[in-house]
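Visitor: What follows is the residue order along each chain.
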Amino acid sequence: MDIEARLAAMEARLRKAEDQLEILNLLNTNGPLVDSATAQPAGELWVEGGGYSFTLPEGGDKRLVAPDEIAGMYGWPGHLDLVKTGCAHLTATPKISVKGDEAEAVGYSVVILREEERWFLWRAAVNHWTLRRTDAGWRIVERFNRALNGSEESLATMRKVQTI
Amino acid sequence: MDIEARLAAMEARLRKAEDQLEILNLLNTNGPLVDSATAQPAGELWVEGGGYSFTLPEGGDKRLVAPDEIAGMYGWPGHLDLVKTGCAHLTATPKISVKGDEAEAVGYSVVILREEERWFLWRAAVNHWTLRRTDAGWRIVERFNRALNGSEESLATMRKVQTI
Amino acid sequence: MDIEARLAAMEARLRKAEDQLEILNLLNTNGPLVDSATAQPAGELWVEGGGYSFTLPEGGDKRLVAPDEIAGMYGWPGHLDLVKTGCAHLTATPKISVKGDEAEAVGYSVVILREEERWFLWRAAVNHWTLRRTDAGWRIVERFNRALNGSEESLATMRKVQTI
Chain A
1 MDIEARLAAM EARLRKAEDQ LEILNLLNTN GPLVDSATAQ PAGELWVEGG
51 GYSFTLPEGG DKRLVAPDEI AGMYGWPGHL DLVKTGCAHL TATPKISVKG
101 DEAEAVGYSV VILREEERWF LWRAAVNHWT LRRTDAGWRI VERFNRALNG
151 SEESLATMRK VQTI
Chain B
1 MDIEARLAAM EARLRKAEDQ LEILNLLNTN GPLVDSATAQ PAGELWVEGG
51 GYSFTLPEGG DKRLVAPDEI AGMYGWPGHL DLVKTGCAHL TATPKISVKG
101 DEAEAVGYSV VILREEERWF LWRAAVNHWT LRRTDAGWRI VERFNRALNG
151 SEESLATMRK VQTI
Chain C
1 MDIEARLAAM EARLRKAEDQ LEILNLLNTN GPLVDSATAQ PAGELWVEGG
51 GYSFTLPEGG DKRLVAPDEI AGMYGWPGHL DLVKTGCAHL TATPKISVKG
101 DEAEAVGYSV VILREEERWF LWRAAVNHWT LRRTDAGWRI VERFNRALNG
151 SEESLATMRK VQTI
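Chains as they are written, first to last, in the numbering used here: chain A, 1 to 164; chain B, 1 to 164; chain C, 1 to 164.
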């Protein structure tokens with residue numbers, strides 16, 4: 001390979017490594033925003049029109065649209081109760097797969113909540129994210145989140161780790 | 001340094017960064033496969049003949065050989081009970097050390113299990129992984145896993161973080 | 001851009017990616033050292049004179065100076081009790097922001113502790129780290145850690161994720 005070809009190949013590989021690291025930073029920004037009720041910036045981690053579909057605590061599921069519906073949820077009284085009690089929406093490092101200007105990730109997330117002198121796992125879920133490179137950096141397109149309850153939908157979400 | 005030497009040095013450094021990121025993806029693939037009883041692909045995260053040594057829930061330890069014995073475990077009735085209940089074998093990001101075509105990692109893992117409306121830590125352990133670059137990408141050679149119970153073996157596994 | 005400029009640009013970008021990965025390794029070294037009472041090396045993850053400020057279990061907070069006061073804490077009877085019981089000081093992957101020879105990170109940490117046949121979250125906290133490149137690699141300058149209890153200080157620490 002001549003120098004031009006080697007430079008171009010390295011630039012492409014380097015960009016892909018940077019993308020994986022930037023997506024890791026993006027996903028790890030969500031928790032601290034949400035847990036401090038910093039609502040609007042949390043909604044803006046998504047592209048406009050993107051979605052967050054999740055299992056409701058009472059069962060069933062819901063899809064909220066970014067940025068306003070997602071940001072809106074972080075003003076709900078139930079969410080503000082979590083914030084006042086002391087909580088962490090913790091994203092475990094997922095498998096991340098970058099393909100050009102699109103990416104996918106599959107991994108777990110938990111919500112840690114204080115209860116007197118201890119903390120417990122109020123929620124545990126599996127997630128499939130699709131992501132897109134924008135002029136402002138990487139953003140979430142869809143976050144599909146299902147509680148860990150043995151449902152076929154939760155298991156199918158886990159199995160996506162094979163094909164991303 | 002001339003251009004040739006700078007290109008070669010950067011290619012080596014870039015490969016090492018890519019290796020750390022690929023190993024992170026490999027280790028984060030294990031949980032979603034295991035927790036959805038996707039047994040054979042889980043076993044194939046190891047090289048053939050590789051091993052997984054872990055503390056048994058009832059005490060003592062066991063080493064299973066990849067891929068078949070490891071995959072086989074994910075069909076055990078006890079494991080399928082976890083899957084139906086809702087669980088996550090979550091690998092916390094370890095320290096990863098890449099040396100050419102071999103690598104090591106030391107870090108924690110937990111098993112999160114549902115119990116009625118909550119989840120709890122059914123298991124918590126420390127791990128020492130050895131890994132190898134293969135034609136099919138990075139694979140696990142040995143995963144040595146010990147429950148966090150104060151045993152000398154668990155503490156010695158943690159201390160490996162100093163020398164990898 | 002000519003070849004010299006492209007090489008220089010790539011070298012700078014590559015170093016930044018390597019820095020993020022090295023910081024991830026540094027932060028993930030702390031837990032296994034601390035949980036095996038490997039005290040002095042734990043204190044030396046900081047620059048000399050660096051600090052670790054944390055919420056005390058009984059309330060209030062304390063700042064210990066590196067390396068000796070931090071290392072000293074890991075010889076306290078209360079800490080050795082955790083080690084003998086079986087524990088993990090687990091650092092969740094934070095958002096990491098590298099700016100030249102300085103860096104910052106914001107993210108969660110938990111202490112997992114054994115209790116008979118299970119493990120529970122003895123502690124959960126948010127952290128803001130400042131870090132510095134030294135001749136010996138990246139080191140922690142300050143770790144500011146506050147328990148997740150809804151306090152204004154804990155929420156302000158989370159919000160730093162927006163500006164790093």
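Worth flagging that the hints you see were computed from the coordinates, not collected in a lab.
Note that this is a predicted model, so its numbers are computed, not measured.
Built from N, CA and C at the ideal position, the CB exists for glycine as well.
Keep in mind that the hints are not guaranteed to be accurate.
Residues from chain B shown here face chain C by an in silico Cβ test under 10 Å; the list is partial [unchecked claim]:
1. 9
2. 39
3. 54
4. 56
5. 60
6. 125
7. 126
8. 133
9. 134
10. 137
Visitor: Hint by hint, where does the structure go against what was stated? Just the numbers, ascending.
Guide: Result: hints 2, 3, 4, 5, 8, 9, 10 break, sorted rising.
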